[in-house]
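We have chain A; now place chains B, C, D and E with the ligands onto it with these hints.
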Amino acid sequence: MATENYKLLKKESLPALFDKLTASGKTIYAPVKNGEKTEFDVVTKYSNDINDEYIQTVQSLKGTVFPKVEKLFDYKSDKTDTSIQEPDFSKFPQNVLWGLHPCDAAAFRPLDATFRWDYDDKYFLTRMKLTTVVGLSCSKHDDYCFCTSVDISPASSDGSDIMLTKNKAGDYLVEIVTEKGQEVYDMAKELFGEISDDKESYITDVPKKFDLNELNKNLDGSFEAPYWLAQSMRCIGCGACAYVCPTCTCFDLQDEGAANKGSRIKCWDSCGFGHFTLHTSGHNPRETQSQRWRQRILHKFSYMPDRIKVFGCMGCGRCSRACPVDMNISENLIKIMEEPKNE
Amino acid sequence: MARIGVFVCHCGENISATVDCGKVAQVTSDIPGVVVSVDYKYMCSDPGQTMIKEYIEKEKLTGVVVAACSPRMHEPTFRRACGEAGLNPFLCEMANVREHCSWVHDKNDVTTDKAIDIVRTLVEKVKRNEPLMPIKVPVTKTALVIGGGVAGIQSALDIANCGHKVIMVEKEPSIGGHMSQLSETFPTLDCSQCILTPRMVEVAQHPNITLYTYAEVESLDGFIGNFKVKIRKKAKSLDEKLCTGCGLCCTKCPVKNIPSEFDQGLSNRRAIYVPFPQAVPNKPVIDKEHCTYYIKGKCKVCEIVCPTKAIRFDQEDEIIEVEVGALVLATGFDIKRANFFPEYGYGKYKDVIDGLQFERIASASGPTLGEIRRPSDGQIPKKIVFLACAGSRDPAKGIEYCSKICCMYTAKHAILYKHKVHDGTAYIFYMDIRAAGKNYDEFTRRAIEEDGAKYIRGRVSRIYERDGKLIVVGADTLMNAKTVEIEADMVVLATAGVASPGAEELAQKLHVSYDQHKFFAEAHPKLRPVETNTAGIFLAGACQNVKDIPESVAQASGAAVKVCGLFSNDELTRDPSVAVVNRTAPPLFSTCVGCFLCQSVCPYQAIEKEEIKSRDGKILKTIAFVNPSVCQGCGTCVALCRSKSIDILGYTHKQVYAEVDALLNTL
Amino acid sequence: MNEFEPKVVAFVCNWCTYAGADLTGTSRIKYAPNVKIIRFPCTGRIDFMLILKAFAKGADGIIISGCHPNDCHYTSGNFHAKRRWMVFRTMLDFLGVDVNRITFSWVSAAEGARWAEIVNTTVDGIKKLGPYDNYRKMVNEETEVNNG
Amino acid sequence: MSNPNIYKPYLMKIDKVTEEAPFVKTFRLKFTNEEDAAKFNFKAGQFGEYSVAGEGESTFCVASSPTRDGYIECTFRETGRVTSALAGKEEGEIIGFRGPYGNTFPIDEWKGKNLLFIAGGIALPPMRCVIWNCLDLRENFKDFTIVYGAKTVNDLVYKHELKEWEERPDVKLITTVDPGGETPDWKGEIGFVPTVLEKAAPSADNTIAIVCGPPIMIKYTFPILEKLGFKDTDIFTTLENRMKCGFGKCGRCNVGKVYICKDGPVFTYAALKQLPAEY
Amino acid sequence: MDKLKQLAKELLSNNQVQIIVGYEEGTVGKARPAFISSPDQADTLIYDERCIHNLAVYLTQHKLPGNTKIAVIASFPVMKSIITLASEKQLDENFIKVIGISKDNNIIEFKDFADIERYINQQDLSFTPEEQALIDKIDAMSMEERWEYWQNEFSRCFKCYACRSACPMCYCTLCITDFNQPQWVSVPSHKLGNFEWHINRAMHLAGRCIGCDECSRACPLDLPINLLTKKLSMDIQKQFGYSAGQSLTEPYALSTYKPDDKETFIR
Ligand SMILES: Cc1cc2nc3c(=O)[nH]c(=O)nc-3n(C[C@H](O)[C@H](O)[C@H](O)COP(=O)(O)OP(=O)(O)OC[C@H]3O[C@@H](n4cnc5c(N)ncnc54)[C@H](O)[C@@H]3O)c2cc1C
Ligand SMILES: Cc1cc2nc3c(=O)[nH]c(=O)nc-3n(C[C@H](O)[C@H](O)[C@H](O)COP(=O)(O)OP(=O)(O)OC[C@H]3O[C@@H](n4cnc5c(N)ncnc54)[C@H](O)[C@@H]3O)c2cc1C
Ligand code: SF4
Ligand code: SF4
Ligand code: SF4
Ligand code: SF4
Ligand code: SF4
Ligand code: SF4
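Residue numbers (numbering that gives the first Met the number 0), protein chains in the order written: chain A, 0 to 342; chain B, 0 to 666; chain C, 0 to 147; chain D, 0 to 278; chain E, 0 to 266.
In isolation and in its complexed conformation, chain A is listed as follows:
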């Protein structure tokens, strides 16, 4: 790849940048080392625990825009009157998500598409609007990663507002991708320099395991395919995969509190749960785990691209890492690709 021009952010400038962001009222999430593991956490200052060479966290940052539990509104009511108190949307936090890998940054696309589909979800969209994504190219990967198979590259800046790539010296090559990115840059111009370099050379090489569009075609008419059952035998139907996934959006609406006061809450749910689709009558359209596994795959790789024009998988491999019984998604997708197409 050719050499290009980048802004340069020196390693030493990071503390100052973080201080500025914090001072401007932003909440910063960054990948923080904790023993063997690295997980996203809120930080107010730059520290050496912030890991810019992690492979992947267990949990994504989905929760910053689609919290695992979100209060929609409070209500109060008595015998004759009821009132609803919405949250103050203007008080929603201004988040800077620091150091997400391209898969995670890209994951906001399907979230956005879902929460915008015909009906705008004010909660999500407000949070998203207040969020600045600082992406980080991947210098490492593991066998679970398969971003290249879902048309994302370890260096792609799609979904990020600012894109960082760490160079040999440990400094960052910076791309300003969006206006929001520009704002951050403008806020701390003095910390940035200029450099020209070839960022591709610092990036890990993730092998491509399958072709996304081929897969999409293969899935057409696969509804009755026998492989769903074969693949899902071991699946124990927990929600681990969906809960770590940066793009899964299934949720539940619940009331909490008593009749006179309380709140309505939106909280994560998973299509893998047996009672997810259970009718009150006892009938369950997705009664078996294989039907639910099929829903998971088809939703991401067939229904979403069809209905909202975006795939529901970013190749981060989280679900495969988290699954207690090794339901490795890319392995299964490859197997589906290998199936003779049933015409």
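Accuracy of the hints is not assured; some may be wrong.
[To be verified] Output of the computed footprint for chain C on chain B, the stretches with three or more beta carbons under 8 Å from beta carbons of chain C: (1) 113-122; (2) 481-488; (3) 628-636.
[Said to hold, decoys possible] Derived DSSO-like pairs: lysine-lysine, alpha-carbon spacing no greater than 30 Å straight-line: (4) B:Lys170 - B:Lys381; (5) A:Lys260 - B:Lys653; (6) D:Lys198 - B:Lys59.
No lab work stands behind these hints, which were simulated from the structure alone. Even for Gly, the Cβ is constructed at its ideal location relative to N, Cα and C.
Just chains B, C, D and E with the ligands now, kept in the frame of chain A:
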């Protein structure tokens, strides 16, 4: 749609003195679902009740909360009133603002607020109450009495005389139990058999009593009012209809050396035998274990001699099934025997005997025809030592309880001995003399004072033989634990009374509880001493605990009254507050997963298995089922069930949850 | 500021403690009004979840009381209850729940004075412990954004 | 409002409660806020999320006709947490409603046709909306036939309206109850809906059939309609799948690619045939 | 383990069982549960120290076809699970063949469940010092510290229920968390909801937990929730002398009692 009426009672001034009843009514009228809330001086008075009834009709109330005294006081009153107004009585609840509020707190706002909270809680509960119907179960008016000792006999006769059918099952060839073995009885010293035999005959002849001797209960199913019992009639090898009881067979049987159970091994019987002359029924049975024909395949002497050809060698055990509405357990007790007292040489020395053996020796119908002669050589013992508490109250032997009868019968034995052997000396080792009972203490004093029994307070450590004498070594605790040694001709051990041998097994068959000593457990030690935990099964006599005859008979009559009380109804009406296992739409059918952990917590064995079957009879699921006729509504199962599959009517999850919520929500 | 008045819920069985509390009333023995009673058929019916629910709904303390051992109207409900509490209490303690806020007691139908005493000592004890803020904090936790 | 909150319900006052059958009630609901009322409109077949504070939301179709202004109605059966709580509400109390969601019956396209309504049990509500809508525009349509069945006489909902329809000369109403469900004075048919339908044999010519009912009834009714000559594009029905949001986000109701909340609940038999078995 | 493969082949080819639940090579160096239904698949079976999943969980998931005989490869925890499940009437002995694997990796063929019971009772069932140490560490904390510790841990939980799904003893078709009238356990994964969930889980497994640690292993967020049930197991063993998975017939610790159960806190 909830339409609740709240009725706040002043109870004269009992409530209104500290609680602002008007305010309670006013505030509670704002609770959603409350359509009327009023206060009144005396709710339980006629006008008060009429007011409630009128509101029920006028306001079409779906629930009533009476804020007044304790429900333990007036719940029936107000529920009846509601019922009369056409509201299901179980849709009425009481808020206890008197005992739990006005009487225990001072007059102030806090007290009024508490009253309001109590009402609110009950309003939320009653909103979730369901109309309940009292449970009705038909009653089969036949009783089964198990055990034909004096207790069983008494119960059977009492019940039969009330006009109900009774089936009696006795495992021995004759009824009579231990009492028939006794010589004379304390404290009156009347002849045991003389008073018992007529009653035994009455049992046999009573038109309402069906007697099965040589029979045992095989299994029990069902529940109060509706038991199904399988009875095993052991083969007697005899056609009882043909047998006239002439006894010829028993005299001709060549097997002569079987120790007689009735005489406690002090005499012998034949292989075909009647246990004792007054036996009821007075017909023999063949003891298959000892009969030569059954052992070797030949003999048949009895068959040959029988004038009516009543012997049936090919007879087999027969299982009959009967339906009964109640059971009386009267299987009695037993006493500890050989092996249990190696230190006393019991079983080793022929002249160390137990109390029952002494009874036989003292009995006019016994092996010695009532003369006190010792087993070894038939000599009349001149010095005789009685040991009370042989095994009883002895934790080391595992029997920490008092056998209750020994003190008395030992005194009796001493008296009987002195009456028969005037020059003899009776020594009695005892721990304490327990003689509580009408004329009991007088009786023991008589033994000491009139009949000169020598009471020594202390334990016997050892008995051994020396020169044909039994040396009894003990300590006299009243004499500074001085060692006492007595050269006795005979020793009688008042061995501990214990549960009858098959008690545990029987209890398990019948699902009644039993204590650690295998005596059957009463439902409540004070208030329900003749009932078991299993509704419809009652206790009589020594099977519950060792007792003497008067106590056994009294309890037996008590049990009979319980049975007759039960039988005085064609149907049983039970509190509908029972547990139910939920049912849901298929394919789940119920959230119960059939772990049956609930089964073992239920104190009443009310939980059964229910199979849910498809149309073609395939078992789809096995779930728990609570038999509403048996469940007493304690709810112990409810709190155990993890998946919340059992609920208890009247105290449902929804109800109690709402109560907790309401009580705290606005506090 | 007023003195802290704790909210205490009592779960009692119908046959012994409820009747015992009735006797307290009949005997006109005064006790702290902070305690409110919910009636159960038997201690065996009391689900541990109700205890948690009471805390969640704002109770500062809880009394659970039934018949003395061997006196259970249903013979063994209280024995079962006792075992469950032994286990449940261990659990609560292990989780850092303040088990001193739960009084377990046996109060018979004849022990009216004892009921008053149990209530008063419980209320005093909880006054000393103060409001159950830890639990309240957990309940009132804002369901706001977090990273997971 | 420029940026409405799609989760926020309208507050509705219960104006009238009608007990239809055991465990089945109809609520007439009025907006507590005039502005909301003025802006609100819906079409036959659409549904909404009804909520009880503290208990949650639950999905029912709007059972009243869009031609009747100023209120909406819903008919529901008490089955679970929310519906039980709803059933406990009285006139004058407030509940929440958000909607309308979903597609509609193409009533405009039915002009000049015969209409055949076939309903079973509690499934009459979605149908009732269309029936009244069409009756209010009666002149647009030709023959008007309603076949309605329930388990027992007691289970028939909208009893007063059934009477009204029965008495109207321009409506042919056939009611039926399952064998064994009749009362001594029952005058209607006895038999299952499909059987009664087959017997009545309405003409398929220029006729639109609208079928709502329990899955088992629908399953047996479609073949009979086809046998009678109905085209699958002329047969309409509604589908129900569990849903939370009502607008295609919560992930429950889809049947393959099709979202019942957005692409439904109204489907033609022809469309149904294309769907995988996931409802 | 050639013997294992051999045995599997035999069982399948003479139709003694139709399915074998065992382990196979997974991805990225993991082992994972496998379902073998024909002799030629048997070669994929493995057994080594990576094979830690408690396979008993599959015996109550009604995914396996009914009326077929199933063989299951059973490490020690699996054996204990099977005994507990059988004592709770969840397994039909006639349809389950248990291929035990001893601690030193030898195959044990069990005749019946009673046979397993016997085997279990010959093993050392005490808690390891490591397990004890983990519990002791928490026990040693002050009440406030314990509260903080668990609040912290629970606040991470997002209620994916992997812990429940992975536990063989959590076989309820409708878990208490799915029960909504009343809503015993708050659905959302906020602090209270999580707290309620974890107490419930622990109490429901009190004395039933066989100590396989599968729950915390399954937890993607590594919550040490196995300590809760372990603590209770220890306590119940100490107080009532009961340990799960030891007996087919002995009543479960919390569905029985002894009149002389000793406690110190009831007034
Ligand atoms: C040595 C001695 C002296 C005594 N002296 C006196 C005295 O002087 N005064 C006095 O008041 N009391 C005396 N007693 C006590 C007296 O014997 C008992 O109170 C009395 O026998 C109790 O009667 P019961 O019917 O309960 O039991 P039992 O007499 O034991 O009768 C039980 C009957 O049930 C039958 N049975 C047992 N199990 C079964 C079964 N599974 N199925 C069917 N039938 C079964 C037995 O065969 C027996 O016939 C004395 C006891 C002893 C041991
Ligand atoms: C388009 C459409 C139109 C409908 N129209 C009507 C109509 O007009 N009239 C009518 O009566 N019905 C209608 N229904 C059906 C109706 O929505 C359900 O019967 C109703 O929602 C059940 O009510 P519930 O909330 O009381 O039940 P519950 O089952 O108690 O539901 C309460 C909530 O708890 C949750 N829940 C329920 N069961 C479980 C479980 N097993 N595990 C975990 N959580 C659970 C659910 O999320 C539910 O929202 C319609 C459904 C749809 C999709
Ligand atoms: S695929 Fe794995 S993580 Fe997902 S539900 Fe199944 S077992 Fe759980
Ligand atoms: S499906 Fe799996 S790999 Fe894809 S984005 Fe979700 S967690 Fe990552
Ligand atoms: S009711 Fe509960 S405890 Fe009893 S068998 Fe069913 S699930 Fe088990
Ligand atoms: S409520 Fe009590 S008596 Fe009734 S079934 Fe349950 S445990 Fe048995
Ligand atoms: S597996 Fe972990 S995150 Fe999931 S519910 Fe259990 S404890 Fe919570
Ligand atoms: S947590 Fe309790 S109710 Fe839920 S599955 Fe486990 S044991 Fe059953």
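A quick look at each hint next to the structure:
1. Only residues whose C-beta sits within less than 8 Å of a C-beta in chain C count toward coverage, and the region 113-122 of chain B has 4 of them, enough to reach three; the restraint holds.
2. Residues of the region 481-488 of chain B lying with their CB closer than 8 Å to a CB of chain C number 0, which falls below the three-residue condition for coverage.
3. Restraint check on the region 628-636 of chain B versus chain C: 5 residues with Cβ-Cβ distances below 8 Å, three needed, restraint holds.
4. Proximity of B:Lys170 to B:Lys381 is assessed by CA-CA distance (about 39 Å); at most 30 Å being required, the pair is judged violated.
5. At roughly 19 Å between alpha-carbon atoms, A:Lys260 and B:Lys653 fall within 30 Å of each other, so this suggested pair holds.
6. A hinted pair counts as satisfied when its Cα atoms are at most 30 Å apart, and D:Lys198 with B:Lys59 does not qualify at roughly 45 Å.
Hints 2, 4, 6, counting from the list given before, are not met by this structure.
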